[in-house]
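Peer 1: Chains as they are written, first to last, in our numbering: chain A, 31 to 118; chain B, 2 to 43; chain C, 76 to 559.
Source of the hints: derived by calculation from the structure; they are not laboratory data. Just so it is clear, CB atoms sit at the ideal spot from N, CA and C, and this is done for glycine as well. Just so you know, not all the hints are guaranteed correct.
To be verified - Simulated DEER-style distance windows between Cβ atoms:
| no. | chain 1 | residue 1 | chain 2 | residue 2 | range |
| --- | --- | --- | --- | --- | --- |
| 1 | A | E77 | C | D146 | 37 to 43 Å |
| 2 | A | T56 | C | S354 | 47 to 53 Å |
| 3 | B | V35 | C | T436 | 38 to 44 Å |
| 4 | C | D146 | A | G105 | 26 to 32 Å |
| 5 | C | P487 | A | G105 | 16 to 22 Å |
To be verified - Calculated pairs, DSS-like style, for lysine-lysine (alpha carbon to alpha carbon, straight line, at most 27 Å):
| no. | chain 1 | residue 1 | chain 2 | residue 2 |
| --- | --- | --- | --- | --- |
| 6 | A | K79 | C | K429 |
| 7 | C | K520 | B | K40 |
| 8 | B | K7 | A | K79 |
Here is how the chains run, residue by residue.
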Amino acid sequence: MVVILGTPNADSSEIYAVTCSSGDPTWAGPLAGVALGLPVYHILESEVKQQIDPVLYEQQIGLSEMALDAASIIGAMLRARATPPAAK
Amino acid sequence: MILSGKKVIALGERDGVQSEAIAECVRSAGAEVVHQATKCFV
Amino acid sequence: MHFQTQQLPVIRATRYLLVHAPDLVRYGSKPSREIERNAAQLDLINSHLRSYEEALAYAPNQVYVGGLYPDDLKSVAVPWFGHALENPARHGEFGEIMPEDEFYGVLRIGDSFDMVWLEENFTAEIRTRLAAHPLLTAEDLKKLGDGKSLGQLNEQIKKGAAIPLYLNKHRLVGCFLHGHDEDPALSATRLLENLACKVIAALSLRNLNVASGIPAQAVDFILGCGEEAIGDRYNPGGGNLAKAAGEMAGCVAASGVDIKDFCCAPVQALTMAGGLVASGLHSNIAVVAGCSLAKLGMKYEGHVRKDMPILEDVLAGFASMVGVNDGQSPVIRLDAIGRHNIGAGSSQQSIMEKLVTEPLTKIGWKLCDVDKYATELHNPEVTEPSGSGNVPKTNYRMIAAMAAIRGEISRPDLDVFADTHGMPGFSPTQGHIASAIPFLAHAQKKMASGEMSSAMFLAKGSLFLGRVTQMSDGVSFVLEKNRA
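Bound conformation, chain A alone (with noise of 0.2 Å):
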């Protein structure tokens, strides 16, 4: 099982993967304090990207890559996955 988000900013990109992983980091909603342990990537990442038909993702994808912080919302989703679950 693996979560793919569409989050248009870093910010909600790193709350949703953070809540997908180990619990809600803003304490807010019902999985604060949740850790489901799933793999969370976001459909704007080259790992994601390269798996899918080229010709579909520009279709689909194509104005949303171009127009949303990609960059930093990708640093976001490093910053997620790679921050230890007891600290988060």
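Use these hints to put chains B and C onto chain A, whose structure you have.
Peer 2: Positioned in the frame of chain A, the structure of chains B and C alone reads:
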């Protein structure tokens, strides 16, 4: 991370990438979408 | 479809209303759920509420009522809540910012079922002030009545028949009675939301009748496009707020109907109004929307976490008059309506093609030919602390990326396009209200002064939130300076 053969939860956002678009993409990579939801931050 | 210019409908005027309602934040959906879980949350919320003066001097609120132009925000230091404007006016060019105590009085005036009970001393206090209000009449003031004693209020609250209404956090000034003992669609909290939506739409409409030169009696149809759905448990969304607001505004010749499409509803309603006018079915259609009380304090946790004031403390409404071409007011280009049709798919590219590129291509325009785009205009200072980002900026970059894909601009110029053809978000996060329409009156003013020729209004609706489809919706129209 290999998508092929995986079960996928697609979580989209209205003004980012909506879950339908994510689902279409990951299916093309051989994944099965078991849950999809689009959020709206406002 | 081809229209002669004289057949195109116009927007005669648009007016707005903001109500500062800090003591209703506790009844917002998110705060009320958190308070129910942990009563201490109420103290936390109360300790982060703003005064009326602070809300009045808050630059984005002044933009909403016409005291500032959206681009003026670029020169206001951030955080905006930390940089109060000097000498802010209650009445802006496009509407007012009403204080909470007077709003309670207006709620009572708009209450046809004796559900709003106000305390007698409080009633006397606000009567004088409401008497001076330019949009209220002697007939309205009669409906205030004499008020109830504190004992009567407490009795209803104690036996669970009503919810309390406070002022300045702790002063009990009224209560709102349940409309039915068992029906959740008629609970006091639901009816408070619905009645607030009605009276804010109605006051906006009264203001519009003055501003548009179309008196209440000359309005022949009303389209309601606010957030609330009126009804009872057998038909929770079946009712009609448009006609209710019209009644309170004195539009005796009008009938009306509500339009539902999540945040698309106002732009949908304006295009439909345009179509109804162009067809000759109606001549003066008021498009109105009240507030979303449920969204008060929606992101309060983010604000409190950053030790900011709770900025979602205002209720917002608007009213816009669509009529036959008067040779002056800006026209709705019915030959350039964008629609996110069912088969279009949900990628941002297909949404933007349907809402922006296709309608502009129909009239031979490029993306750069539109002076300003009005899209989601949510105030980023409200959304960013909870991780929701800068919604207008994201939307403007999508439009800019579309212009880049079409070769109108180069990719490094995305931000320049977004800055020039967009604007900073300034609208309160009042749901439908924030979708494009807060720019209507600004655009009309700029077109009248010759500083602007065209603006596109586009909105997206989150249909998927209702769990009957994964789709979203979208609609757009071009507003153009009248060339008659």
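Peer 1: Any hints from earlier that this structure breaks? Give me their numbers in increasing order, please.
Peer 2: Result: hint 7 breaks, nothing else.
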